[in-house]
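So the protein sequences, as listed, match chains A and B. Our numbering applies: residue 1 is where the first sequence begins, and numbers increase by one. Our numbering applies: residue 1001 is where the second sequence begins, and numbers increase by one.
Treat the hints as calculated values from the structure; they're not laboratory data. For glycine and all other residues, C-beta sits at the position ideal for the given N, C-alpha and C. Each statement offered as a hint is correct.
Quick look at which bits of chain B chain A covers, simulated, 3 or more residues with Cβ under 8 Å:
#1 1032-1039
#2 1049-1060
#3 1104-1110
#4 1117-1131
#5 1136-1145
#6 1148-1158
Computed cross-link-like contacts, SDA-like style, restricted to lysine to any residue with a CA-CA straight-line distance of at most 20 Å:
#7 A:Lys128 / B:Arg1043
#8 B:Lys1328 / B:Asp1338
#9 A:Lys149 / B:Arg1018
#10 B:Lys1128 / A:Tyr46
#11 B:Lys1328 / B:Thr1258
#12 B:Lys1328 / B:Gly1252
#13 A:Lys128 / A:Ser117
#14 B:Lys1128 / A:Pro40
#15 A:Lys149 / B:Asp1151
#16 B:Lys1128 / A:Glu45
#17 B:Lys1149 / A:Arg197
#18 B:Lys1149 / A:Asp151
#19 A:Lys149 / B:Arg1147
#20 A:Lys149 / B:Glu1111
#21 A:Lys328 / A:Thr258
#22 B:Lys1149 / A:Glu118
#23 A:Lys128 / B:Tyr1046
There are 2 protein chains.
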Amino acid sequence: MTQQMSLSCPLPITSTDRILLGHGSGGKMTAELLARCFLPAFRNEYLDRLDDGAVLDVGGARLAFTTDSYVVTPLFFPGGDIGELAVNGTVNDLAAAGATPLYLSAAFILEEGFALSELERITASMRKAAEAAGVLLVTGDTKVVDRGKADGCFINTTGIGLVEHTRLISADRARPGDVVVLSGSIAEHGMAIMAARAELELETPVESDTTALHRMVLDVLATGADVHCLRDPTRGGVATALNEIAHRSAVGIVLDETAIPVTEPVRGVCELLGLDPLYVANEGNMLTIVPRTDAEQVLTAMRRHPESSQARVIGEVVEDPARLVVLKTTVGGRRIVDMLQGEQLPRIC
Amino acid sequence: MTQQMSLSCPLPITSTDRILLGHGSGGKMTAELLARCFLPAFRNEYLDRLDDGAVLDVGGARLAFTTDSYVVTPLFFPGGDIGELAVNGTVNDLAAAGATPLYLSAAFILEEGFALSELERITASMRKAAEAAGVLLVTGDTKVVDRGKADGCFINTTGIGLVEHTRLISADRARPGDVVVLSGSIAEHGMAIMAARAELELETPVESDTTALHRMVLDVLATGADVHCLRDPTRGGVATALNEIAHRSAVGIVLDETAIPVTEPVRGVCELLGLDPLYVANEGNMLTIVPRTDAEQVLTAMRRHPESSQARVIGEVVEDPARLVVLKTTVGGRRIVDMLQGEQLPRIC
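Between the sequences and the hints, there should be enough to build the whole structure, so can you do that?
Right, dumping it as structure tokens:
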């Protein structure tokens, strides 16, 4: 497993020679596809860091650069839609580099027959999200594919942000003695999508947590806290994001289940559908790893923002067992929390 | 028509309320979709220029930023494949801003069941094209959609380039007295795709002209020539690109049909399929508009590069009739060359 996770060996790990839904899960199969196909082809110092975006020196400026395609289904869901997601998701990947998001591109792949009224709802929603986040959408592209050759509307957004701090924030920087800070309650985005797909009638509806987190992150950095890692736990959830960090940093991470906030409605839907909230996607949540001594100032800065008013420490970084995430359960046991295997929730973002 | 083309009025021009293939043609319907949907939603000084990319000031650096999704079918065609196209196409959009291309992102939308061997061919081809162009692919994304919800493989690339000149190069800068320089023979990419789709057995095969043009463009700029417009005539071909310039600059453009190079095999396939090469996509061709006095030095610089050894002046910019492109035909007549109407060659790039 270490070998797989180091992502340095282009071994054909999967037994399949075809793309499976699991290759898009953000979990172990995605990592395998990266290791087998993309990293050997494109290998360079930026890509090899496996962070959510690259930090580049361009003409004297330090930039963050990140891309995501959005293929969520349904396109409209409780708490948001694909347009809002496409803006906030890329803004948050820039935030995870500690950058100030500035400019986005937007590229649409539309299926013949897609309703213009839906496209207009989506672009209105993107404008609103971009205004709220303070970013400009400055360049774009539209392609149309024949009926039956896409699924309504796919959107790619790619973002440029300005990195004004001089820290190195990366998944390989977690150290024993650090703590894991989570900015809010988990699994809301994924369960909103799943509840919509299953057409569940819930007493308390579950809504996506999609929101832009960069102002909160910039305030955290402004405290001077020695932030080691930032990651927004989207596909594959908190479990997968922390596994990536544990492997890249060669450390262990011990989580305290009682500290991890899950709202009652989310817990209910998870139980109904048999899903572990630790693996469910978030779109308005940030994992921050800092030395324990800096935790209090980080929490104070986070709690000033409504989107992270419930921020808390959910675990700690330890030396052993390296490359493992372990959960101390509510009933006092310990279990290993592996990366997401295969596919749990396809097309969640 | 002026109203439509100024792209400033969000009128519902088309009679349809659904996306049609023609909305992705790069021609008039694409312009209408921009005017109706995207520009009113995202309106800002960068997007409103309607150039192939945006030029931005970021942290003291002047950057070009451009995005394109590639949905070409078939994925592999004579002279190239979707991977090579995805690198060269975005590199050329950076070149059209006079930028030195530096970094690309790559985002893949894969259909469940797509062969890994094909994906590996595509990524190998991207690597080769990126190496040849001197750009690094620094960040990426992979999504997988269920079988039947995409068409094998779609790729988005978004590029960052450094703009080291201080010129304003834009579609609204053409002036009477300028000439139109074309870097090579036209319609090769589009006809290679169409011949592959129609499974034509040609005596002399037609191959895509996909190649990176930035070194040639940078050499042209280095001559000190007062370059007013640069545009690579992809979707909608030379006719559509020049119509955009004529409208944005409020000038007329008169083309000399005898000066426009079309190879015999391309002319043959065009005649066979009933297509006008002026409307067919190019992927290794650049239109450059400069004052007549600078034409000779531009041609000399271009002809030093194999990809533009056949560069020539194909027309001139005139005051009247404004906003029209007129072709002086080989038989001595004159005809108006309008923008591409509707859809001619879907999914050509």
